[in-house]
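Q: Here the structure of chain A is known, so what remains is to put chains B and C in place on it, guided by the hints.
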Amino acid sequence: MKAFKAVGAIALAAGLVAGAAGAQAQGTGSATIDAIKARGLLVCGVSTGVAGFSLADSQGVIKGIDADGCRTVAAAILGDATKVRFVPTTTINRFTALQSGEIDVLIRETTWTLGREASLGLEFAGVNYYDGTGFLVKTAANVKSAKDLDGATVCVQPGTSTELAISDYFRNNKLKFTPVNIQDQNEIQGAFLSGRCDAYSTDSSALAGFRFQQGAKATDLVLLPEIISKEPLGPMVRKGDDKFFDVVKWTQYATLTAEEDGVTSKNIDTFASTTNPEIRRLMGLEGDMGKALGIDNKWAYNAIKQVGNFGEIWDRNITVMGVPRGINNLWNKGGLQYAPPIR
Amino acid sequence: MSELATTNIDPVPATAGNAAIPNTSRARPPATVHGPVAWVKTNLFGSWLSSLATIVFGILLIRWAIGFFDWAILHAVWSVPEGANGPDVSACRDAKGVGACWAVIGEKYRFILFGRFPYDLQWRTALVIVLFIALYAVSAWRRFWRKELLLVWVATLVVIGVLMWGGILGLEFVPQDQWGGLPLTLILATFGLAFAFPLSVLVALGRRSTKLPAVKALCVLYVELIRGVPLITLLFMASVMFPLFLPEGVNIDKLLRAQVAIILFAGAYLAEVVRGGLQSLPKGQYEAADALGLSYWKKTGFIVLPQALRLVIPPLVNTFIGFFKDTSLVLIIGLFDLLSAGKIAISEPAWAAYSTEVYLVLAAIYFVFCYTMARYSRGLEREFSRARNR
Amino acid sequence: MSGAVVDPRLHAARAAPKRRMRLSWSDPKFRAIVWQVLVVGILAAIVAYLVHNTNKNLAARHIATGFAFLARTAGIPIGEHAIEYDPATSTYGDALIIGIINTLKVAIVGVVLTTIWGTLLGIARLSKNWLLSRAAYLYVEILRDIPLLLQLLFWYGLVQTLPSVRDAFAVLPGVFFSNRGIKVPLFDWEPAHSWALAAFLVGLIGVIAWSSVASKRQAETGVRPKTWPVALGLLVAFPLFVWAVLGAPFQLDMPIKGGFNFRGGGTISPEYCALTLGLVVYTAAYIAEIVRSGIQAVPQGQWEAAGALGLRPGAVLRQIVLPQALRVVIPPMTSQFLNLTKNSSLAVAIGYQDVVSIDQTTLNQTGQAIEGIALLMAVFLVISLSISLFMNWYNARIALVER
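As you go down the protein sequences, you meet chains A, B and C in turn.
Note that our numbering has the first sequence beginning at 516, numbered continuously upward.
Note that our numbering has the second sequence beginning at 19, numbered continuously upward.
Note that our numbering has the third sequence beginning at 27, numbered continuously upward.
Chain A extracted, bound-state conformation (with noise of 0.2 Å):
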């Protein structure tokens, strides 16, 4: 018995199994690294299906922001931003894939918190969507505040840190309310709008893109003006592999730099013979940036002329929901996206 489920095992394995990561060789003195050379892929962690961060389309095409951060890193290493391989993790296996090996990169519109820093054995390589917790509720229900939700029920999904925050806000503020707790973002949104609950309470953009997805009848519902909490989104790579941290990190901050200075996919090609010094070391002309990180000079390039600056990739995904840029544009517009200086 037990030599046949070995037998079965490896024959099913043969194929299926995605081999060992820990190669090294020459390379450039981090496994993850080399791991998605040597394999020609970076795999990527993504959620199963949330609209705008990242969701597959009629064509099966995974799109939002979460998926072109994915595509921008692969085209950072790989110099090809087709070179992802997307794998949806639900809330519950999504830290598991990621400490396991079985993904390079989580971009799954996770939270940073102290906890999951430091008790995971994962890090945050910056923040692609600074979020907090809102309230929708439905403009007859005549509530002005979230103060006034005394007794409300509320929809909220289980395991998130939403769950975490309400529970905080309502006992901070001595008030009372019922969860109703649902797994999946399509039931919640379909209990709220049939009044099972009072209070639809997620990140605020979610809840303003869900709102304009109403069409017409948007004004029926009301976002309350309370953030309750902030939660910043980011990339996460387990700890120990600086390098690609610093890839990941570093190719977010590429675009947004790409979006400061004007440089977009469609014009990228028109400075190659640019003076500006930002520009050409974002270029790969000078400074040998990537050599630095380990990668190809042309990594900035590659990922900005393939996939697009922040801005591209904001519009593209999150501005057609009806989302507002808001706190997620850049420093020098009122927001917070700030890039370091690349040099």
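In short, the hints are calculated from the structure, not lab data.
No residue lacks a Cβ here, since even glycine has one placed at the ideal position from N, Cα and C.
Take the hints with a grain of salt, since some may be wrong.
[Stated by the list, open to error] Quick list of in silico lysine-lysine cross-link-like pairs, DSSO-like style, CA-CA up to 27 Å: (1) 598(A) with 806(A); (2) 758(A) with 820(A); (3) 764(A) with 598(A); (4) 234(B) with 242(C); (5) 732(A) with 659(A); (6) 691(A) with 653(A); (7) 848(A) with 820(A); (8) 55(C) with 316(B); (9) 578(A) with 813(A); (10) 764(A) with 848(A); (11) 82(C) with 754(A); (12) 317(B) with 165(B); (13) 732(A) with 114(B); (14) 806(A) with 764(A); (15) 165(B) with 316(B); (16) 598(A) with 732(A); (17) 806(A) with 820(A); (18) 653(A) with 114(B); (19) 598(A) with 820(A); (20) 848(A) with 781(A); (21) 82(C) with 758(A); (22) 689(A) with 653(A); (23) 301(B) with 55(C); (24) 82(C) with 317(B); (25) 764(A) with 754(A); (26) 82(C) with 229(B); (27) 781(A) with 806(A); (28) 131(C) with 691(A); (29) 242(C) with 252(C); (30) 234(B) with 131(C).
[What the hints assert, rightly or not] Where chain B lies over chain A, by a calculated footprint (3+ residues, C-beta under 8 Å): (31) 600-606; (32) 786-800.
[Stated by the list, open to error] Label-pair distances were calculated between CB atoms; the ranges are: (33) 179(B) with 91(C): 36 to 44 Å; (34) 168(C) with 232(B): 43 to 51 Å; (35) 162(B) with 76(C): 55 to 63 Å; (36) 138(B) with 67(C): 46 to 54 Å; (37) 148(B) with 76(C): 52 to 60 Å; (38) 77(C) with 309(B): 44 to 52 Å; (39) 179(B) with 76(C): 24 to 32 Å; (40) 189(C) with 162(B): 21 to 29 Å.
A: For chains B and C alone, coordinates are given in the frame of chain A:
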């Protein structure tokens, strides 16, 4: 239709159905039980209680049918125009609550059926579905029940593997993360059965062995442990716990882990089915084999299993139907099987409101597969019992 | 063999099976031991290897081990709790106990309802009324061939189409149906009620005693004394009398619309309704088939013989056929009850906080996957085992009736 016939001329007297219905059909002379009017009289208005049931039921059914027709056909939106940012769903939004929006199926059917498989290569997955159906059909034919069938299975599964993965014969390679939809459901269920079956035979034999108490204890432990917990916990285990078991740097793909969980789960249930078959074999068969001086493996391989396994085919098919439905639980660990693909399809905000339509289509697909298999297994069962009683 | 004169030499040879085991492959005993040592050894080696890996991985990832987390404050908001629960102070242990209670709530109510509904369907399947039997047939076929998860999603969607609190419709005074669930009046429990309950239990014992007396007398005289007046008196009149003597307290806590939701009264949540409804409706399709084949397994002669004795059709079904069918029906029924219990784990998909849902949140927050899953398995094993044991006991009990 034989089903219909059995219900009508059931060997059980009418009293079984409704204690208050007198046994009129027997009391009357046979002449009056012929003709449509008489049929209606006996079968629909046999007594006042029966008449009441017929009327109440009839009205409810008709009202429901009209309502469904209105919603699904009369007021339905079949397609929507293409707008600047993808399809313009305002027609569907207006029809919400009055008519169905079948446009969601038109837009999403390929995603639901084939998941994230590359769009241009989806002919391969379509072919895989056809192959699976052909494989089931061939296996269902009793004329093909011989050793060569095993070869057909191996060959077909290999071809399916080639079509799904590609990478050879000029086919483009597709990693298994991009598999999804109906092929994934069929793969999980079929490979689950194909690997669980031999395992289950060994476990069933082990559980019945008298000479190997330690092996027996292990088999009992395995079967009872697995049967005592829901599949969900096994999938959690495969998804969250299993990676902890492996040495640093070694990873097993999520699909394979889920597949192993399903095989282990199916193995325990099938083992009980096989054990039932082994038990139903007359003792004389074992004794005769012993008398011939056959070794244990010869006795099992040539005498016991061929007879026992034949008997367990109908319950085996029923168990298979169970897995086929249960594979929908892989949704919980982030695999895109048929049900999950349907759910992802309606995660797109524009289509989020039309879940009913998608669920109905999914239900229809599952139903067609399961019902066909169930009918088949019942026909087989009847045939076997007739053969036995002869 | 029996009766034949046994050759004493043969006898002696057979009486000496204590042949010493030879260390040779041709000795079956020796082979058996080798095989077992091999299998157990390989298994033990695999387990040891996995444990070793796990320990290394746990250490490398700084994941805590042990069940200490059960005593930590949970902070998980829980909607339905049968016992006192406050996210601020209650522990993970408390949360899990609530989860177990919630699972049991679904399982017990589900088993009872599904038995009733499934039996009715099974009988309807055999009805002489064509429409009824066809409808039951369609019901069974369609529901069995669609995944339960899909059905649960459907039911949950359906429950949500109920009117909002403001437009809730009152089925009975004080009983409201809305998309917030079913609201029922509760009445304040007072000592008089406890006494009435005690009286009811005493009455129940009395009825059982009386019915055994009645059976005895029926066996002696052939006439069964009426039991229902005694039952009525002991089960209804006696408890009512006790309650009335103690002052007949009756204070209802009626649900009243107010604020966001109803105030007062008891609630049955929509998630609970949808889950229980889905499980009952699905499992009943299986039960119906079991009941049908159970009834059909009773030989035709039994019906005819009972009819010949002059029993009325209803009595034939109740007193002759069903008791016999029961014996065929119990084992497959047991496995359906187990299935229902295990299937209740799909609750997480529609937002009912059963033990799986709470356990999942717990292991997500603590990162202690092994402990979390082990707990979950233990809970289900205990529940499954309890159901199995009870049904085996019941099976043995009704089997004893047979001569």
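Q: Now tell me if each hint is right for this structure.
A: Results of checking the hints against the structure:
no.: 1; hint: 598(A) with 806(A); result: 21 Å, holds
no.: 2; hint: 758(A) with 820(A); result: 23 Å, holds
no.: 3; hint: 764(A) with 598(A); result: 19 Å, holds
no.: 4; hint: 234(B) with 242(C); result: 47 Å, violated
no.: 5; hint: 732(A) with 659(A); result: 19 Å, holds
no.: 6; hint: 691(A) with 653(A); result: 19 Å, holds
no.: 7; hint: 848(A) with 820(A); result: 24 Å, holds
no.: 8; hint: 55(C) with 316(B); result: 18 Å, holds
no.: 9; hint: 578(A) with 813(A); result: 24 Å, holds
no.: 10; hint: 764(A) with 848(A); result: 22 Å, holds
no.: 11; hint: 82(C) with 754(A); result: 16 Å, holds
no.: 12; hint: 317(B) with 165(B); result: 18 Å, holds
no.: 13; hint: 732(A) with 114(B); result: 13 Å, holds
no.: 14; hint: 806(A) with 764(A); result: 16 Å, holds
no.: 15; hint: 165(B) with 316(B); result: 17 Å, holds
no.: 16; hint: 598(A) with 732(A); result: 40 Å, violated
no.: 17; hint: 806(A) with 820(A); result: 19 Å, holds
no.: 18; hint: 653(A) with 114(B); result: 19 Å, holds
no.: 19; hint: 598(A) with 820(A); result: 15 Å, holds
no.: 20; hint: 848(A) with 781(A); result: 22 Å, holds
no.: 21; hint: 82(C) with 758(A); result: 24 Å, holds
no.: 22; hint: 689(A) with 653(A); result: 23 Å, holds
no.: 23; hint: 301(B) with 55(C); result: 23 Å, holds
no.: 24; hint: 82(C) with 317(B); result: 46 Å, violated
no.: 25; hint: 764(A) with 754(A); result: 13 Å, holds
no.: 26; hint: 82(C) with 229(B); result: 39 Å, violated
no.: 27; hint: 781(A) with 806(A); result: 25 Å, holds
no.: 28; hint: 131(C) with 691(A); result: 25 Å, holds
no.: 29; hint: 242(C) with 252(C); result: 13 Å, holds
no.: 30; hint: 234(B) with 131(C); result: 36 Å, violated
no.: 31; hint: 600-606; result: holds (count 6)
no.: 32; hint: 786-800; result: violated (count 0)
no.: 33; hint: 179(B) with 91(C): 36 to 44 Å; result: 40 Å, holds
no.: 34; hint: 168(C) with 232(B): 43 to 51 Å; result: 46 Å, holds
no.: 35; hint: 162(B) with 76(C): 55 to 63 Å; result: 41 Å, violated
no.: 36; hint: 138(B) with 67(C): 46 to 54 Å; result: 52 Å, holds
no.: 37; hint: 148(B) with 76(C): 52 to 60 Å; result: 40 Å, violated
no.: 38; hint: 77(C) with 309(B): 44 to 52 Å; result: 47 Å, holds
no.: 39; hint: 179(B) with 76(C): 24 to 32 Å; result: 28 Å, holds
no.: 40; hint: 189(C) with 162(B): 21 to 29 Å; result: 57 Å, violated
Hint check: violations occur at hints 4, 16, 24, 26, 30, 32, 35, 37 and 40; the rest are consistent with the structure.
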